[in-house]
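A.B. asks: Residues per chain, in single letters:
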Amino acid sequence: MSADVELDHLTIRFGDFTAVNDAHLKIEGGEFFSFLGPSGCGKTTILRAISGFNDPTEGKVRIGGKDMRGIGPNKRQTALIFQNLALFPLMTVAENIAFGLEVRGLNKLARRDKANQLLDLIALKGQGDKLVSELSGGQRQRVAIARALAVEPEVLLLDEPLSALDLKLRQHMRTELREIQKRVGITFIYITHDQGEALTMSDRIAVMSAGRIQQVGDGNSVYDHPQTAFVASFVGENNPLMGKVLSVSTEFVTMDCGIAKVRARNLGKLKVGEEAYAFVRPENLKLSVGAGEGEGSLPSENSFTAPVLAEAFEGSVKLISLRGPSKKPIIASIPNTGDGQHFSQGLLTTVNFDAEQAVALPIGDLADE
Amino acid sequence: MTSRTVMRFMIGFYILLFFGYLFGPLLLMGVTAFNATSFPQVTPWEGFTTAWFVQLLQDDQMIDGLTNSLWIGLGVVCISVPIGLAAALMMTQIYERVRPYYYMVVVSPVLTPGVILGISTLVFWDRMGTAVNAEYESLFYNGMWLTIVGQSTFISAYCMLVFLARLARFDKTQEEAALDLGATHVQVFWKILIPFLRPAIFSAAVLAFLTSFENYNTTVFTIQAESTLTTVLAGKVRMGTQPDLSALAVIIIAVTLTGALVHEFLKQKERMAQLRQEKAAKAAEQELSATMGL
Amino acid sequence: MNDFLIVFTAVLLALLLQPLIQRKAGHLWSAVSAVNFVRKNGAFLSLYLILAVVAWMVFMIILPQLYMVDFSFRNNLPLAEVGGPKDVHTLKNYEYLIFGRETDEELLNWLHLSVFLKTMLASIFVTLLDLALCYPIAYYMAQVAKGGQARLLVLALIVPFWVNEILRAFAFRILFGTGGVINSFLIYLGIWDEPFDFLRADVGLYAGLSYAYILLMIFPIYNAIESLDHNQIEAARDLGAPWWRIHWRVVIPHAKPGIASACTMVFMLSAGALAAPQILGGPSSLWFTQVIYQWFNTGGNWPQGSAYAFVLLIACIAFVMTVMKIFKVTLGEITK
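Chains as they are written, first to last, in the working numbering: chain U, 1 to 369; chain P, 370 to 663; chain C, 664 to 999.
These are computed hints drawn from the structure, not numbers from a lab.
Think of the CB as a built atom: it goes at the ideal place given N, C-alpha and C, for glycine as much as any other residue.
Misleading hints may appear alongside valid ones.
Label pairs and their in silico Cβ distance ranges [claimed, not checked]:
hint, chain 1, residue 1, chain 2, residue 2, range
1, C, I980, P, T499, 24 to 30 Å
2, P, R607, C, D750, 31 to 37 Å
3, P, S507, C, I854, 58 to 64 Å
4, U, K108, P, T499, 53 to 59 Å
So here's chain U without its partners, still in its complex pose (with noise of 0.2 Å):
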């Protein structure tokens, strides 16, 4: 069984602060849904207002289709694997999983049995009577996911669970989580300010920053379409340069950037005379040695000379740092083709971008950078 999850104009405030403002969402039943955002952006507390440890100050959580106020953590069909786990240290790793069952009244006989089942799925079989002292990291790690399954939630809440993890046993976990999720089939909801957790296990992602929820999508929405400029310059490598936007199209904005005139795509929300950042990735960044004579006399669209600050090499890409109007250097992501050639410091270059892969969009939250 697995349930959706609902939150209907959520706001937290603790005081003064406003912890989540205003966030209204629905997560399907049986999705694996995070919430990507850096710390202190709100997104612990969502969580723990799904759980029911924090109270709504307005909005609704809705679980199933019910609303939550009133009801107590321990009254509702959701189970969470904390951050530090809270695995009981004082109780056996089959008393662990099984405590769920214990506090509804079980009988021993089931509580083994459902335990030992748990132990099965979690690959650590037999290991039920030892004390979580004696198990590893990643071991804890599967005994919290089993703890939390026993109870049969409706609902996994998942606080950063793998960022005690060293990479490689991290990188190993996604793997693992994504699978158990697809064989138990309920709604996960991951919280976590890794993009690559993010992208790589969910099937959508809200991304969150100062309390608001930016915007709701799949991997590649948002990364490809990030709609506002927190998304942009957060999930991924961006280069943002700023500029006043000269005209407006349907598809296209143009914008003076200074060094260059930019059209980008329009997401329907700029007007004319605005301030804006066009972001451009790294990847999609072309360099030209020289100042670009070849193909025509005027500096065209999307296209600007910089002189190269460093070069850094990363196996199957180069990172060239340029110098670019303002004080963080533009990055250019390059295939390393293996032809030897280095950009020295101080080379000049050419660089062009297709208006297709850039973006426009209001400055935002990031006005202070």
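Given the structure of chain U, go ahead and fit chains P and C onto it with the hints provided.
C.D. replies: Here is chains P and C on its own, set in the frame of chain U:
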């Protein structure tokens, strides 16, 4: 180099002197317990005897006092541990702004001289008794009861401090995890909090009992017509002195030493168990990486 | 009788009104948290917590103290006259402490005042003596001794203190008595012929008192010094600081809360000690607690005794406040 050695020697000498001061009087007292002189003294040595131990066992007054002390100790444990626990839990839940004032009130008995606690308990119950015209045999004037209450006043605060120290290490998410898994608050209390606090409950109970057992300052006011081992002892020491007191001290020291050694042994065992667990976790880690091919 | 009811209802009323006052101060949220408290703990636990804490605070801590203070302002009356016309508040118990009986020739009650002053000064002396004695040991245990040795030292410190307070004092009596070990030894050596009465000279008392509170002096200081990173001492030594400067500038500032805590505890316990002065005190010299004890026992004047007890309490509170001011520590740090 030489100044370093001199320094070392001086430190060693000081430590020796210090522990001499600590144990010397007790050792000498121990010796007097076996000297046949009728006054507790080391010299002149009039021969080895265990007569003082026998006399001790025949001393009805002392035995009565001991029995009372044990009952009072038990009563104090039964009152102080639950109160201390409640007070400590309250501390974690009370509004932030009231907390310092609350703490000031509940910790004040620790800093109040014992005689004052005894007097205030005595006066309060006496006046309450007068106000309700209680019988003289009633609880208001009962030395045993007053002693239990008087001692519990500050021993509860000791227990609270023990619990607070343990609670400071409690991971709040444990409680939330249990709730989230469907436990009621009462279940969280019994299944998570109490098991976590169990060692503290044990140490608080031991502390409460021992503190009660050897309390004098509060007891001497509240006990009135009754007596405890300590008040009997004080009376005897003031009246005159007999070597059977030394004999009692020898017994107490023997019991304490055994207790301390057992305690140390258990602690050592606990340390070993912890080491073993850490080892197992490390082994599991290695095994996992091996099977995952990382 | 009426007064009893008035005080009783006043305290009860204050407790009942407290949430209301609170709400006024803290808008609505405190009232909400009161509801949350019951919701959070469930009926059974809420009842237990509130009953236990209120019973303790009201009936064991606050009311008894208030009654003692109230009692100290009353006449010493036989039971029959309690609640009668003579049962009024009076200052005479305090006047007596300061001025003595009106018929006395002296202006002030020097007998009791000097006992009070002596108790305070002697307690300070005992505290400082203990501090001097214990600081090196605490430092050694916390920073110099290694694991096993440190545990052994802790054990060796604790064991003597499980011996009953009375018996410890008794041991000092054996040691310092006229027929005691020290006198016998010194006479044997020929230092003097007549036994010297250490007890009359209060030597036994000071030794016994400082002995009694060694543990309470060492442990807070030990805990404080133990939390000091040993590298800081190494660094100071590396920079060429002599040992005394390391202590003065690095160790002692760090251990300040521990030292304050230890000194407060030792002072309070010395000033409030009763057994040691009774057993080890000279026949002519009194401790203030002994005077109080006399009022309750042989003196049979409880209000007078309550007044003296209250004066002792005030003195102790004043001492704690002073220490807190001087060392700039909070109550929480002292009782750690």
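A.B. asks: Compare the structure with each hint and give your call.
C.D. replies: Status of each hint after checking the structure:
1. For the pair C/I980 and P/T499, the supplied restraint of 24 to 30 Å holds, since their beta-carbon distance comes to about 29 Å.
2. For the pair P/R607 and C/D750, the supplied restraint of 31 to 37 Å holds, since their beta-carbon distance comes to about 36 Å.
3. Under the hint 58 to 64 Å, the C-beta atoms of P/S507 and C/I854, about 60 Å apart, fit the expected range.
4. For the pair U/K108 and P/T499, the beta carbons lie near 58 Å from each other, so the given range of 53 to 59 Å is met.
Hint compliance for this structure: no hint is broken.
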